[in-house]
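Residue numbers (the numbering used here), protein chains in the order written: chain A, 90 to 468; chain B, 90 to 468.
It is worth saying that the hints were derived from the structure and are not from the lab.
All C-beta atoms, glycine included, are put in the ideal place defined by N, C-alpha and C.
There could be a bad hint or two in this list.
Partner residues aside, some chain A positions facing chain B, computed with beta carbon under 7 Å [unchecked claim]:
1) GLY111
2) SER143
3) SER147
4) ALA148
5) GLU151
6) ASN174
7) ILE179
8) PRO279
9) GLY281
10) ALA303
11) TYR306
12) THR326
13) PRO328
14) ILE329
15) MET331
2 protein chains.
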Amino acid sequence: MGPGPSMVHPRVYEAISCPLVGHLDPLFLELMTQMQQRLRQVFCTENQLTIAISGTGSAGMEAAFVNLVEPGDEVLVCVNGVFGNRMSDIVGRVGGTLHRIDRPWGEVFDPREIEEALERSPETRIVAIVHAETSTGVCQPLVEIGRICRERDCLLIVDAVTSLAGIELRVDDWLIDACYSGTQKCLSCPPGLAPLTLGPRAIERLSRRRTKVASWYLDLTMIQKYWAERQRTYHHTAPISMNYALHEALGLVLEEGLEPRYARHRLHSRALMAGLEALGFEPAAQEGHRLPVLNAVWVPDGIDEAQMRRRLLDDYNIEIGGGLGELAGKVWRVGLMGESASRDNVHTLLTSLGELLTSNNESTQATAALDAARAIYVS
Amino acid sequence: MGPGPSMVHPRVYEAISCPLVGHLDPLFLELMTQMQQRLRQVFCTENQLTIAISGTGSAGMEAAFVNLVEPGDEVLVCVNGVFGNRMSDIVGRVGGTLHRIDRPWGEVFDPREIEEALERSPETRIVAIVHAETSTGVCQPLVEIGRICRERDCLLIVDAVTSLAGIELRVDDWLIDACYSGTQKCLSCPPGLAPLTLGPRAIERLSRRRTKVASWYLDLTMIQKYWAERQRTYHHTAPISMNYALHEALGLVLEEGLEPRYARHRLHSRALMAGLEALGFEPAAQEGHRLPVLNAVWVPDGIDEAQMRRRLLDDYNIEIGGGLGELAGKVWRVGLMGESASRDNVHTLLTSLGELLTSNNESTQATAALDAARAIYVS
Numbered sequence: 090m091g092p093g094p095s096m097v098h099p100r101v102y103e104a105i106s107c108p109l110v111g112h113l114d115p116l117f118l119e120l121m122t123q124m125q126q127r128l129r130q131v132f133c134t135e136n137q138l139t140i141a142i143s144g145t146g147s148a149g150m151e152a153a154f155v156n157l158v159e160p161g162d163e164v165l166v167c168v169n170g171v172f173g174n175r176m177s178d179i180v181g182r183v184g185g186t187l188h189r190i191d192r193p194w195g196e197v198f199d200p201r202e203i204e205e206a207l208e209r210s211p212e213t214r215i216v217a218i219v220h221a222e223t224s225t226g227v228c229q230p231l232v233e234i235g236r237i238c239r240e241r242d243c244l245l246i247v248d249a250v251t252s253l254a255g256i257e258l259r260v261d262d263w264l265i266d267a268c269y270s271g272t273q274k275c276l277s278c279p280p281g282l283a284p285l286t287l288g289p290r291a292i293e294r295l296s297r298r299r300t301k302v303a304s305w306y307l308d309l310t311m312i313q314k315y316w317a318e319r320q321r322t323y324h325h326t327a328p329i330s331m332n333y334a335l336h337e338a339l340g341l342v343l344e345e346g347l348e349p350r351y352a353r354h355r356l357h358s359r360a361l362m363a364g365l366e367a368l369g370f371e372p373a374a375q376e377g378h379r380l381p382v383l384n385a386v387w388v389p390d391g392i393d394e395a396q397m398r399r400r401l402l403d404d405y406n407i408e409i410g411g412g413l414g415e416l417a418g419k420v421w422r423v424g425l426m427g428e429s430a431s432r433d434n435v436h437t438l439l440t441s442l443g444e445l446l447t448s449n450n451e452s453t454q455a456t457a458a459l460d461a462a463r464a465i466y467v468s
Numbered sequence: 090m091g092p093g094p095s096m097v098h099p100r101v102y103e104a105i106s107c108p109l110v111g112h113l114d115p116l117f118l119e120l121m122t123q124m125q126q127r128l129r130q131v132f133c134t135e136n137q138l139t140i141a142i143s144g145t146g147s148a149g150m151e152a153a154f155v156n157l158v159e160p161g162d163e164v165l166v167c168v169n170g171v172f173g174n175r176m177s178d179i180v181g182r183v184g185g186t187l188h189r190i191d192r193p194w195g196e197v198f199d200p201r202e203i204e205e206a207l208e209r210s211p212e213t214r215i216v217a218i219v220h221a222e223t224s225t226g227v228c229q230p231l232v233e234i235g236r237i238c239r240e241r242d243c244l245l246i247v248d249a250v251t252s253l254a255g256i257e258l259r260v261d262d263w264l265i266d267a268c269y270s271g272t273q274k275c276l277s278c279p280p281g282l283a284p285l286t287l288g289p290r291a292i293e294r295l296s297r298r299r300t301k302v303a304s305w306y307l308d309l310t311m312i313q314k315y316w317a318e319r320q321r322t323y324h325h326t327a328p329i330s331m332n333y334a335l336h337e338a339l340g341l342v343l344e345e346g347l348e349p350r351y352a353r354h355r356l357h358s359r360a361l362m363a364g365l366e367a368l369g370f371e372p373a374a375q376e377g378h379r380l381p382v383l384n385a386v387w388v389p390d391g392i393d394e395a396q397m398r399r400r401l402l403d404d405y406n407i408e409i410g411g412g413l414g415e416l417a418g419k420v421w422r423v424g425l426m427g428e429s430a431s432r433d434n435v436h437t438l439l440t441s442l443g444e445l446l447t448s449n450n451e452s453t454q455a456t457a458a459l460d461a462a463r464a465i466y467v468s
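Using the sequences provided together with the hints, build the complete structure.
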């Protein structure tokens, strides 16, 4: 129940330990094709170039920037947490000129702020923003931002590491040009691959590059030939077992269906938050924009948060996340992602936390928390 | 029996499907420490910074260059196959000034050639060379090259993707400053991680960089803090399951012992090559420098090599590799790496190939091949 890796279904563990075949074996190439079809469904896109990058979510982030930003390109990055910061850092490394707008951590951007920033810097070619900020638990609305970018001939890059398959994300409808994710969040697959999709405008930008992509390993002009459905050209040896796992995890997502899956995440988050509030924890993210998949709460005064997380882990076998960056020591981040989003997990955490918060002579505080969660489940 | 991925031991399949823990879980941090100790033994090094990069072997290559080469640095790359070419390509992408020396594919470099190249370009700061060229099956002697580099204050980067744990490789004794590998060759682990070790001279070069490392994902100035044994600082989410697998695969290597493991590879290669020669296949790599782990042979005239490889795969369930680059269509590459290096595999390939090469009315050619292999095993 941390900010990922989330729990993994037994079928995915079974898939990851299937016997290897070669990375050019016809069986594996067929699995790649199927996986691409499944990824397109989950991203809600028809983009041909929808693939799994051979690295974790951060490799997906780097792949998006290193391929789409050329030295000197102006890039607007919207920062309201750790992962917006990371995008800014990468823009500098790949030689882009960074424009950056900031919101306090835990708040979302108003599309007008982005519009104004683009008016101030009309040469901006790319806008980058995080959909689900894993460091703060905030969910950024994206719908209008895509339109604003189209009007100004900007590409829109969206970080969907924590949102994909957990909350609504519509790459084509929302006019997103490049979108990446990780496997270990709401896809409930072990970490190690980064789903990535590039739309036609991004592909065009890529094909018109004046310079070589700075990274050989992440160079999509070559990688796309390995993922092309007709003639697959060797680039690097794909992580076969991880691809087996992702293929199966995507199958589970689609068997459940995207809408029921989103609804499941919402339900268990409401129950969890009701219980946590009964225990004295206040939500940390802006009201109306709280992520169901990553529930951030302020740690009340007087609690040794690191020690209590350690006791949860050692005595109750439950992992939750501490704060990152400027929120370190101040918030907890409770993941309800994919397989982890269950009534069982909500009850277990509330019960355990209720016990830990109860001093010796009181009756456990868990009762009130469980009652609050139950009220959500029966409603 | 292709050029990797090689076969995987059941214990490694079991390890890769173990339940996930978090990437900062005390259990996982302990596994990282153990894995580093095991990697040091296999690399024959005491280098503190001995880790697994979260990507395949090519990510290891890129990590070595992007961290150690700064824009404008002069780099000498020795090219006698596909992977030397790839190193040259990467040097350009990271802004290095490339000096390159070439040998015909399948031949090795004489240390004097490197010495002469360094005399022509005395500002060279790095020499890069492939130990075991997967595209040609040639094994490059390294011993003198390290000394030549030290005398000229050059760093030596060695590609050990196909050699590590299959043939002798002594990072410290041979004065190698940076060395990387992949998991899916002689370590017999699924692909997805790149073992990497950096010696003190490389660390010093890294700490004195004037510019940020161009890749955030592969930036060792940050990654080394996650792998530091005292205080592990989050950088990116490690591929947990792959690390479980590598930890177990390294355990198997050390249980067998490095010397017996090298000897096993040599034995089965001798038997295989004797059998293949009996079938009319001539070795493609320079005599005296043939890799036991990757046996490259010329395909005799009159054989439709692609069709025959396809029949081996479809009818006999055996994968072998075709040629890469300028050797495409001309050679076969037969891997005997890690778990794949067995008498059983040698017999199976020779029997199957003997059948395929026999026309209807003859008795099978396999007999001669098996006799030749047997002569090696009984000697």
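> Given SER147(A) was flagged as interface, is its beta-carbon under 7 Å from a beta-carbon of chain B?
Replying inline: holds, 4 Å
> If you take the shortest Cβ to Cβ gap from TYR306(A) to chain B, is it below 7 Å?
Replying inline: Since the shortest Cβ distance to chain B is 5 Å, the answer is holds.
> For the hint on GLY281(A), does the least C-beta distance to chain B fall short of 7 Å?
Replying inline: OK, holds: GLY281(A) within 7 Å of chain B, min 3 Å.
> Holds or violated: is there a CB of chain B closer than 7 Å to the CB of SER143(A)?
Replying inline: holds, 6 Å
> Do the numbers back the hint for PRO279(A), that is, is its least Cβ distance to chain B under 7 Å?
Replying inline: holds, 4 Å
> Does ALA148(A) pass the interface hint, meaning its C-beta sits closer than 7 Å to a C-beta of chain B?
Replying inline: holds, 5 Å
> Is the hint on MET331(A) kept, meaning its closest Cβ partner in chain B is under 7 Å away?
Replying inline: With a minimum Cβ separation of about 6 Å from chain B (threshold 7 Å), the hint on MET331(A) holds.
>> Quick check on PRO328(A) please, does its C-beta sit within 7 Å of some C-beta on chain B?
In response: holds, 3 Å
> How about GLY111(A): closest beta carbon in chain B under 7 Å, or not?
Replying inline: With Cβ-Cβ at 5 Å, under 7 Å, it holds.
>> ASN174(A) was flagged as interface toward chain B. Is the shortest Cβ-Cβ separation under 7 Å?
In response: violated, 11 Å
> Per the CB criterion, is ALA303(A) less than 7 Å away from chain B?
Replying inline: Holds, about 5 Å.
> Would the hint on ILE179(A) stand, with a C-beta cut-off of 7 Å toward chain B?
Replying inline: holds, 5 Å
Checked against the numbered hints above, the structure breaks only hint 6 and satisfies the rest.
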